[in-house]
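Asker: For chain A, the structure is supplied; the task is to place chain B on it using the hints.
Protein chains in written order, with the working numbering: chain A, 1 to 501; chain B, 1 to 290.
Some clues are possibly wrong.
Covered by chain A, according to a simulated footprint, are these stretches of chain B (three or more residues, beta-carbon under 8 Å) [what the hints assert, rightly or not]: (1) 29-37; (2) 138-144; (3) 235-241.
These are computed hints drawn from the structure, not numbers from a lab.
Where a beta carbon is used, it is the ideal one built from N, C-alpha and C, also for glycine.
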Amino acid sequence: MSTALYDGVERVDVEAVNSKERRPLYKARVKIFPRRAHGTYRTLKWWIMAVTLTIYYVTPWLRWDRGPYAPDQAVLVDLANRRFYFFFIEIWPQELYYIAGLLIMAGVGLFLITSTVGRAWCGYTCPQTVWVDLYLVVERWIEGDRNARIRLDQAPWSLEKLRKRLAKHALWLVLAVATGGAWIFYFADAPTLAVDFLEFEAPFVAYSTVAILTATTYIFAGFMREQVCTFMCPWPRIQGAMLDEDSLVVTYNDWRGEPRVRHRKKAEADGESVGDCVDCNACVAVCPQGIDIRDGQQLECITCALCIDACDQVMDKVGLSRGLISYATLRDYNSNRQGIAAPTGWRSFIRPRTMIYTGLWVLVGIAMLVALVVRDRLDLNVLHDRNPVFVTLSDGSIRNGYTIKILNMEPRPRTLRLTLAGLPGAVMTLAGADADAAPHMEFVIDIGPDKLHQLKVYVRAARQDIAGSGRKVTFTLDDIAGEESATYEANFEAPPDEAAP
Amino acid sequence: MAGTEIDDVSGTETTGHEWDGIKELNTPLPRWWLWTFYATIIWAIGYMIAYPAIPLISAATPGVLGYSSRAKVADAIDAAKAAQSTYLARIAELDLEAIRNDRELRDFAVRGGASAFKVNCIQCHGSGAAGARGYPNLNDDDWLWGGTLEDIHATLSHGIRFEAAEDTRVSDMPAFGRDEILEPAEIGDVAAHVRGLAGLDHDAAAAARGAEIFADNCAACHGEIGEGLREFGAPRLNDAIWLYGSGQADEIAGQIVQPNHGVMPAWQDRLDGATLKQLAIYVHSLGGGE
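One chain only, chain A, in its complex shape (with noise of 0.2 Å):
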């Protein structure tokens, strides 16, 4: 392995093992210039687009009457209060587990649609997808289609590329301060934010809020694009393991494709055997992704299915059904591939796996709605106070402390009646801050709307009271004007009937 040079010397074939040919460490991003692609289902990907930027854009600036005592904002996120407000069901902190719930819903739902239709949620819904495609519009729409964009990236500095660039980023930069600034709304009112938004009398976090998304918009729209979804996002990697081989994914028919050949006449003349594929490479230009679906199932593939309205375009001008690029099951791909004819249908949704996601799906949301049904709007929690547990009064009676929590869950006031009962000739007064020595049976609170309202009570009894009974008191709390009532069964502490002196 050498070669003379000179009289006894030889060029050695031998390279450094960290030679920088050999061993890229680090590889620059390639960049992609995707196409513009015509058809079904970029048709749904522009409705799907619209709807979900509707959604985000819009959903802050609706209004739900609440009453006088609540916001009246739709769907409100009121973290300085501490309360979740969705059209008519607002939620407290320690309900918070309708918010797990629906991540439960959620990730449930994503399981099944992804094994029935893929990556579906990758490739229509993920705010990534979306926001790329927006931006890819603005560029096509200020630089040209892919060959124009080519050009123009290749093309020396001029007026005109400065121009355009300039043009592009600046949208750009429109978009993402838009798409930053959206998502604020859903922490305050709305109108009244984005008037002290504009006056720059928001509070700090708004305008640190809209910099940072703006930021990541800009950046991950506009530059990152697909490695966000290769190398960033744990997702794709997740939605691979659910797939099976009753999924449909976006599948290159090689069975019908190969071999590819770019001049079918000629071919066919000379006899060659001749697959519907003619090598256009329509298919890799509109891919924002950047690949080749042809290679097969790939980790960057996010089943946008633009590949497919790119193939049924160059098929129906060649003359060839479409489909060469389909959703395909992998169960299908194999029964084509020994030439047994499989259409792809609806069917393959219905198997045990998607059942049981339905089911739990199902369940989720009906145990969701059951306790959304019957929740209550009045709480009552009793801590019994735990030094002392007890005191000794001079009579010899028992005196037991509890502080009393009251949850009016309702955006009105309300009058409620506190009664106590269950222990013998036990009576309550009032302690704390609010101490009464009068002795009661039940008291008449009025508590704000939307309010916690915290007492803290005594209650004492006879010592040949206690003795023999069941060493509980019930707490009951009524509306007086409603049906609503809550009540508490408490424990009541005592020395032991043996113990007295």
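Answerer: Chain B only, in chain A's frame:
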């Protein structure tokens, strides 16, 4: 390099590491990842310059922003004090009854008093103010020196049997046994009588004998029927509350033989006026206030 192997499926070089037939690919990282890594290093350097970072012998480098967690805490404490100052000024100014009648001030005083109690009082009276043998329970309705706001405030200010304080409250029960004022048998009889006063079971004959001795020796302070006398701090005996024990005859007798005398410090010179008032209102709010 010998042994470099290219994976068939991905076309990527492998590291040569293999586990059960699965080979690790040597996929190059994206270059932006490298730039991100450099950016974090630059950020870290900037952070070290801006904030306290490098530990030296006595302290860390201060950082050009002059940030200090200690100063932050001091600021927070100052802010909290400033927020309290209007309340504290009003509490210092108003009398106890006026504070008690102002719901907002009373709330503040109960909380402030609870906080001061936990620092100064729980060592003897316990964290729940339930006391212990020899240390009065402040939750009940039995008061040695009175349970009104003013009484509690006076006890707090001047202490009990606290010699260093001029106006301290002093009471001194004679040691009837040690000083041989009463015979041991008489002491037993008095103890039986005291149990009778409290409504506890007792030897009726002994109690009858003890009643006379009680009237001669004890009633002056403890009252005819053992109702106590707060002016002298003489405990009420005809109730269910016992400071030294649980009312057993030998405990009562022991107290007659050689009484324990509890001491409480005067807080007037240790705590400011507003804190004393808050403590009085807190103790008064515990359930026994009069």
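Asker: Broken hints, numbered, in rising order?
Answerer: none
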